[in-house]
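Here the protein sequences line up with chains A, B, C and D, keeping their order. Sequential numbering of the first sequence, starting at 1, is according to this note's numbering. Sequential numbering of the second sequence, starting at 1, is according to this note's numbering. Sequential numbering of the third sequence, starting at 1, is according to this note's numbering. Sequential numbering of the fourth sequence, starting at 1, is according to this note's numbering.
It should be emphasised that the hints constitute simulated quantities derived from the structure, not laboratory data. Just so you know, not all the hints are guaranteed correct.
Straight-line Cα separation of at most 27 Å, BS3-like style, residue types lysine-lysine; simulated pairs [as the list claims (entries may be wrong)]:
id: 1; chain 1: D; residue 1: Lys-434; chain 2: D; residue 2: Lys-462
id: 2; chain 1: C; residue 1: Lys-279; chain 2: C; residue 2: Lys-23
id: 3; chain 1: B; residue 1: Lys-83; chain 2: D; residue 2: Lys-163
id: 4; chain 1: B; residue 1: Lys-137; chain 2: B; residue 2: Lys-491
id: 5; chain 1: D; residue 1: Lys-462; chain 2: B; residue 2: Lys-374
id: 6; chain 1: B; residue 1: Lys-491; chain 2: B; residue 2: Lys-211
id: 7; chain 1: D; residue 1: Lys-462; chain 2: B; residue 2: Lys-20
id: 8; chain 1: C; residue 1: Lys-23; chain 2: B; residue 2: Lys-374
id: 9; chain 1: B; residue 1: Lys-137; chain 2: B; residue 2: Lys-83
id: 10; chain 1: B; residue 1: Lys-560; chain 2: A; residue 2: Lys-132
id: 11; chain 1: B; residue 1: Lys-491; chain 2: D; residue 2: Lys-163
id: 12; chain 1: A; residue 1: Lys-29; chain 2: B; residue 2: Lys-20
id: 13; chain 1: C; residue 1: Lys-218; chain 2: C; residue 2: Lys-280
id: 14; chain 1: B; residue 1: Lys-20; chain 2: D; residue 2: Lys-370
id: 15; chain 1: B; residue 1: Lys-374; chain 2: D; residue 2: Lys-432
id: 16; chain 1: A; residue 1: Lys-29; chain 2: D; residue 2: Lys-370
id: 17; chain 1: B; residue 1: Lys-177; chain 2: B; residue 2: Lys-211
id: 18; chain 1: B; residue 1: Lys-83; chain 2: B; residue 2: Lys-491
id: 19; chain 1: C; residue 1: Lys-15; chain 2: B; residue 2: Lys-366
id: 20; chain 1: B; residue 1: Lys-366; chain 2: C; residue 2: Lys-23
id: 21; chain 1: A; residue 1: Lys-29; chain 2: D; residue 2: Lys-434
id: 22; chain 1: D; residue 1: Lys-380; chain 2: D; residue 2: Lys-370
id: 23; chain 1: B; residue 1: Lys-137; chain 2: D; residue 2: Lys-163
id: 24; chain 1: B; residue 1: Lys-83; chain 2: B; residue 2: Lys-560
id: 25; chain 1: D; residue 1: Lys-434; chain 2: B; residue 2: Lys-20
id: 26; chain 1: B; residue 1: Lys-20; chain 2: D; residue 2: Lys-432
id: 27; chain 1: D; residue 1: Lys-462; chain 2: A; residue 2: Lys-29
id: 28; chain 1: D; residue 1: Lys-434; chain 2: D; residue 2: Lys-370
id: 29; chain 1: D; residue 1: Lys-432; chain 2: A; residue 2: Lys-29
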Amino acid sequence: MEFEPIIVGFLCNWCSYTGADLAGTARIKHRPNLRTIRVMCSGRVDPTFVLKAFAAGADGVLVCGCHPGDCHYIEGNYKTMRRMELLGQLVRAYGIDERRVRLEWVSASEGERFARLVDEMTLELRQLGPCKLRPTVAALANDFDGLSRAVTAQVAASGEVTHG
Amino acid sequence: MKDDCRIGFYICNCGTNIAKVVDAEQVCERIAGLPGVACARAYKYMCSNPGQEMITRDIRERGLNRVVVAACSPRMHEPTFRKALEAAGLNPYLLEMANIREQCSWVHDDPRAATAKACDLAHAAVRRVRYHQPLEKVEASYAPATLVLGGGIAGLTVAVELAEASQPVYLVEREGKLGGNVGRADLTAPYLDSARDILAEKIARAEASPKLDILLRSELVELRGFVGNFRATVRTTGGPTRDLAVGAVVVCTGYQEFDATRIERLGYGRFPDVITSFELERRLRMGRLETDDGRIPRYVSIVHCVGSRNPRYHPYCSRVCCMTALKYGHEIKSALPAAMVTDLYVDMLSFGKGGEDFYRRTSELKTMFLMYEKGDPPRVRAAEPGDDCGLLVQVNERLSGEVIDVPADLVVLMVGMEARADGGDVARTVGISQDRQGWFIESHPKLAPVSTATEGVYIAGCCQSPKDIPDSVAQARAAAAMVLAHVAQGKIEVDARFAEIDPDRCSGCRMCNELCPYTAITFDPDERRSSVQSALCKACGTCVAACPSGAITARHFTDKQIFEQIEGVLAWSSSRSS
Amino acid sequence: MAVRANPHLIEELEKYGAQDVVKCYHCGNCSATCPFSGGTYLFPRKSMRYLQMGLESRLRATLEPWLCYYCGECSDQCPREAEPGETMMSMRRWLTSRYDFTGISALFYRSWRAELIAIVVVALLTGIGLTIFGLTYGDLNVYDGEGAFLPAAAIHRFDWAMAIVLVILLGINCVRMWWFTVGGDRGVRVPLREYLKLAFLVPLHFFTQKRFRQCNEKRPWAVHLVLMFSYLTMLILIMFFLHYLQDGPAINWVAHGFGYAAALGLVGTAIYAVHGRIKKTETHYRHSHETDWIFLGLLALVSATGIIQHVLHRTGQPAAANVLYVAHMMGVVPMLVLEVPFSKWSHMAYRPLAMYLSALREKAVAVESAPADKRAAVAQTA
Amino acid sequence: MASTTRVGVYFCHAGTGRFDGIDLGDVAAYAHELPTVAATVELGVRPRLQPDRLAAEIRQRQLTDIVVAGDSPGHFKPVFTRAMALAGGDPRAVRLASFGEAGANVTSPAAVAKAIVACAVYGVPLGLAAAPVRVPVNPATLVIGGGVAGIETALRIAGGGYKVYLVERAATIGGHMAMFDKTFPTLDCAACILTPKMVAVGQHENIQILNCAEVQSIQGTPGDFRVRVLRRARRVDPDACTACHACREVCPVHVPSEFDVGIVDRKAIYMSFPQAVPNAYVIDGEHCTWVQTEGAKCGACAKRCPQDAIHLDEEPRTIEIAVGNIVVATGYDIFDAHRIERYGYGRLPNVLTALEFERLTNASGPTGGKIVTRIPRLNKRTKQEEWVFDAEAPAPTSVAIIHCVGSRDANYNSYCSRVCCMYSLKFAHLVKEKLPGATCYQFYIDMRAFGKGYEEFFERIKDEGVFVVRGRTARVDARDGHMVVRGEDIVHDRIMEFPVDMVVLAAALQPAVGTPRLAQALGVSPGADGWFTELNYNSDPTATNRGGIFVAGVCQGPKDIPDTVAQASAVAARVLSSVICGSIQISRDPISTTAVEQRAAAMAAARPEA
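With the rest of the complex left out, here is chain A:
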């Protein structure tokens, strides 16, 4: 049987989650590999969430927010954008392929785009195969505070601070 990756998706409530719902109302079929978690804004997506997802067994993480300039919260998605750059370094540091983390913009009217995105990412992850984690990371899976500390340390180490 072909490998079926599991993707954890963090979708902002106003654009992307609505867009995913639109894919539903418009019955735009796509692959069933995504597991959605709703957040109010993509800006809420803490790097620890991403790490946690990998630690808990996800093969990929998709973060979706409103298009730049369209954020319901004015500029939350810009913050996400900067944070995701950082996150790229972070996952690399943990030995995870950067392609397993994606940040995409999906507006409330882009059901089609959302469906395509899920399909694309599923295919890509299939090729990458299951996500293998270093044991230290895997151990963090059930240790929230430890995870939090690890991320903060990593952030500090990278010399980058989340300025607004």
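Since chain A is already given, all that's left is putting chains B, C and D on it; use the hints.
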């Protein structure tokens, strides 16, 4: 893990919407085995009366203290089920929904995979709901004043309606006068009433009302605050910039006409006698229904669906053009009794009250109706010398299968409606979304056709999608009803979701202060601690994610809740879990 | 090459009785209702379309109006009260005027006054002519035999002379009809063999009107058949056996039997039609063009005078019979000279001819174009 | 300047027949006496007007302004405008005096017509000159009809904190929408939209549902109506009933279910659908054995009921309620498809109306949402063969959907029912979705996909492989054991004749049966088509010519759910506006011509000269 949880799990079949792909019984079974789950049930329509009663009964009889509903999108029925919890005396925030319809059964075909996904989503919801806390809604005052954007027929109607219900209204119009696009028309279909009279009365009433403040040549530049307590900054050209306290905003910014030059074969811009419907309207109003060089046209051709129902331009129907074109049939025959009118249409959408009768009467005026295929608009060319007309319109006529040339001295293009080019600015300012065509999106076309994603911001009229005058007026009044219902209460319950800062953990780094787009976080220099003003916070959670001390909690979106959810979705399906 | 639309044609056809065609919104109900519609010939809707669009050349080439017998079902069901049946009727009138090379037909259909004047003029000429002839060569008090006022032989010769003129006029019009519909159409090529093979269709349809019987409503067919057979019988009697009817005192009961039956048929159908048109009892009687009334008037006049003169003659009142005879002829002549080639009665030639031509056309289309031709396709979706 | 103003008043009727009762001569004589009127001309019905001749007349009479008066005078406005331009005058000085402006049915049409003409002469809107009177209002509201329109209105008004009485003829609220499976164009289920609203109505402290009830008479004036409501005997106490279904099992009487439009049976004690609000059983007195035998027989349900909720001897009663505003939301009924014999409805078992198909395809319908054909079966009770729906019956391999059945047809209803095109497309989608192998044909005249997302939906249906045929079906015949549909495929220039297993008739919407009686009780007459007439098509589409009485939803004219919801909320705005102010605007009828004229003259004088 909380051990005192008694979770009720309910899965909705949604008729067959969910059940035809997702095996609800199987989901039920698997969830029932999870720790803390006191009962798991499936029902045909959870949102209906018996469905809701099932929940309330179980809460009362089985002592449930958490509820998970796996059904449609929470955007649709979260409020419904929260009410059910409240009815049973349970805090509404102890509910979690798993979206297994829009994001599962409707988009997947494979029952096995869809059921697995539904299980994961339900599992996640169950894990998450354990960490839900009872939250109390905050009551806020509701400012009686309303800001209406746009002084067209919809905006005027909202404003007059509210003002005559003795509520203060600010009517903001970008142009120098009220009336909008209706003000450009002479008569209205199908009863040929005077558009000017309709507007004149409304404008007179608006101007006479002491409660109504008309701000011409003005624009909304910023909107802060939240429902019931907005602060709107309105800038008037050559005037002061005002800061208004309003409880609600009604957006009635209308539409703009399609640029007919985009369809080259229609010859607009190339032939002076190819004119748009608005140009014809002006000629009719001025009593100068003539060709460019002042001749009286013997043949007038009216082309429907210019820019509408055409995949290359706009896929949608502009809804009013057919009736307007029929109206032109009458008007042209009245002004020029000898003229022959040809009407080139795709489908005749004379659907409104009196519409079909109007269509019949127009055909009795010997209007020649010709049908062309959607996406194959007619071609306009200059007539040959010796012809008794100035132009020839070539059309592939579907009802006869013939390619024919129609003589014309004047060609009228029924230009469709399109979303205003500046719609994006308005949408961003007031915090609403636009669809692919640029129309503003309503919360739900049937549940809440005038509400938007932002509470307290309503849309009415053509900015939502094309519509005729009665429908715009009805929608405008519907928006007024939404406002009035709140105004009558004088207060509003604000969502209990907001961020909180734990003063003990706050290091006073002030990083969050700059991040907050709503300036809801203030810094106390004496205490060297930041704190959130809950009424201003819109719960985006940006500060939560950024706080280096982990001192900020997003109520109802806590780290723990999301962590549980992450584990929940992966517990059964991940490649490493099995 | 695109065809030119003519918004004015509809106004022209209005004079022929097509007042309601403007209301048609092309739902196609009429075409689907009509048992004759299908294959190459889709009507009435498509003919109505040509008319609305003013495609005169297309319309002139159509045979469809002749394939319609006006059972009225399409008009009854029409959701827009566009009267497809009456529109087809008007198109038959218009086509008649197109076939007619003299232009008289067009004049008559567009102005009932002109037709009436022409009838009166012809009637008066006939009356005066026959009176002078009778007084010169015979005696008003003699009806038959030697010295008869209007001797059967003379009338016979007169009838034949008239018939030849009529046949020539009608013949030319028929040729024009052929040219417009089949002969002049470069898209249709009918082998001579087919012309001969299908020639039987003309007499077949002329005598049996078997298509008419396929209408869902049978009564109009029956009435029409009675009228036509009565008329034919009378025509044959007059053209070949006039002396049996006119000469006495011996009575040829065979000829008289036919004559009485035919007279009864003519009078009966005339009364039926007049009553129907006044009371609008059937759909095809709902709308009456002026020419319909003129036709019925003439028919009634001719029948009545014919019967009365015969009664007078047989009851031994030769002078009165002769006067009525003249009056009778004053009806017969305009009816034959004006109505047959130029107005309503011409359809007795055009309709069977149309059956023939339509069969030819269908053959040609079937032969020439491959199955790809959409006009020929009758969808049989399994 | 008023001194040089010379107004010509031209009277011409468009011939709609609505104002035939008005003596134009009388109105003209009145108009002639107005100070600025220089000439009055009566032109009669549908005059043929030539602009150049009119221009000459305008010049000759030195007219500066023109008023065109009559029913729908707008028909003649362009010719007068042009004539004015030709005569060198101001084309904007052509004004209309439309007799319909004050509503269609007024008690003193002549006085209103005069007032309208006077206002037009002065160039003052009637709505301003005939300043409405405001009287105190009772804050309670009566909503007649518990369909989606009534529900929406009731919820909005009640949401403002005011009392609402919701009168519903049936035992449950919900109306037609409760019967639907999915709604176009998003295809979300109707129940998911409606039932929560129904629950909200049922639970709302400000809404009192009066089910099994009908409005008998209305007395009083706007703001202070007294309404007598007949409450038919429900015979089951809705508060005590727990919907345990025990009664249903013992009831011996089978009746065709109205909710399932007769395609399946229900018992004499029944609940229309499981989600009914109030969620309780009801006894159909016309079929109940106990009721029909006056207590002599049966009564099994009452004995069986564990809650003692059944009171078979309950009598109908009349209650009186006092309200300030009345909202009419009585909706529609479906056109009786038997009337078009050639479609074979009633004769051919697999010819269904749209509502029947809606129930058939509904997940909570008789077949659980499976689309199947009707099959003959022996009814063991009556020993007769009946055609029934059975979930195990064969599915149709081809379905024809015929549009405009009873709509857009002068022989039945000349209006367009506005929703049929879209629900027919929805049906096609459902057929394709549930029976991917089935062929589906749509026979339409004009595809009216006008709303947001509708045209896109149409395109999608075509992409799904539905055959969309432009042409109306003429007839449906039974031939060799199957049905044959005959229609013209206009675009492809052929007559289509093909066998199908199922025909769905998109039957028209018609005013609900009780509409004329209710209209009489309310004192507002329905229009020519039977729908309630709005005060003003454009600016007041929800008011009637009687103040305090509003119309919402389909009872004013066919409309789809979004439009109905919008209109229903719009009515709520009017009601809320009056109750918030504490006073209601009452109608301008009967009108005082002199008062209107004086006020208009004063307003015209006060107006700054342009």
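Going down the list of hints, with the structure as the test:
no. : hint                  : result
1   : D/Lys-434 x D/Lys-462 : 16 Å, holds
2   : C/Lys-279 x C/Lys-23  : 24 Å, holds
3   : B/Lys-83 x D/Lys-163  : 20 Å, holds
4   : B/Lys-137 x B/Lys-491 : 12 Å, holds
5   : D/Lys-462 x B/Lys-374 : 13 Å, holds
6   : B/Lys-491 x B/Lys-211 : 20 Å, holds
7   : D/Lys-462 x B/Lys-20  : 24 Å, holds
8   : C/Lys-23 x B/Lys-374  : 23 Å, holds
9   : B/Lys-137 x B/Lys-83  : 13 Å, holds
10  : B/Lys-560 x A/Lys-132 : 25 Å, holds
11  : B/Lys-491 x D/Lys-163 : 19 Å, holds
12  : A/Lys-29 x B/Lys-20   : 15 Å, holds
13  : C/Lys-218 x C/Lys-280 : 17 Å, holds
14  : B/Lys-20 x D/Lys-370  : 11 Å, holds
15  : B/Lys-374 x D/Lys-432 : 24 Å, holds
16  : A/Lys-29 x D/Lys-370  : 22 Å, holds
17  : B/Lys-177 x B/Lys-211 : 19 Å, holds
18  : B/Lys-83 x B/Lys-491  : 19 Å, holds
19  : C/Lys-15 x B/Lys-366  : 14 Å, holds
20  : B/Lys-366 x C/Lys-23  : 8 Å, holds
21  : A/Lys-29 x D/Lys-434  : 16 Å, holds
22  : D/Lys-380 x D/Lys-370 : 24 Å, holds
23  : B/Lys-137 x D/Lys-163 : 25 Å, holds
24  : B/Lys-83 x B/Lys-560  : 25 Å, holds
25  : D/Lys-434 x B/Lys-20  : 10 Å, holds
26  : B/Lys-20 x D/Lys-432  : 15 Å, holds
27  : D/Lys-462 x A/Lys-29  : 18 Å, holds
28  : D/Lys-434 x D/Lys-370 : 7 Å, holds
29  : D/Lys-432 x A/Lys-29  : 16 Å, holds
Figure legend: structure checked against the earlier numbered hints; every hint is met.
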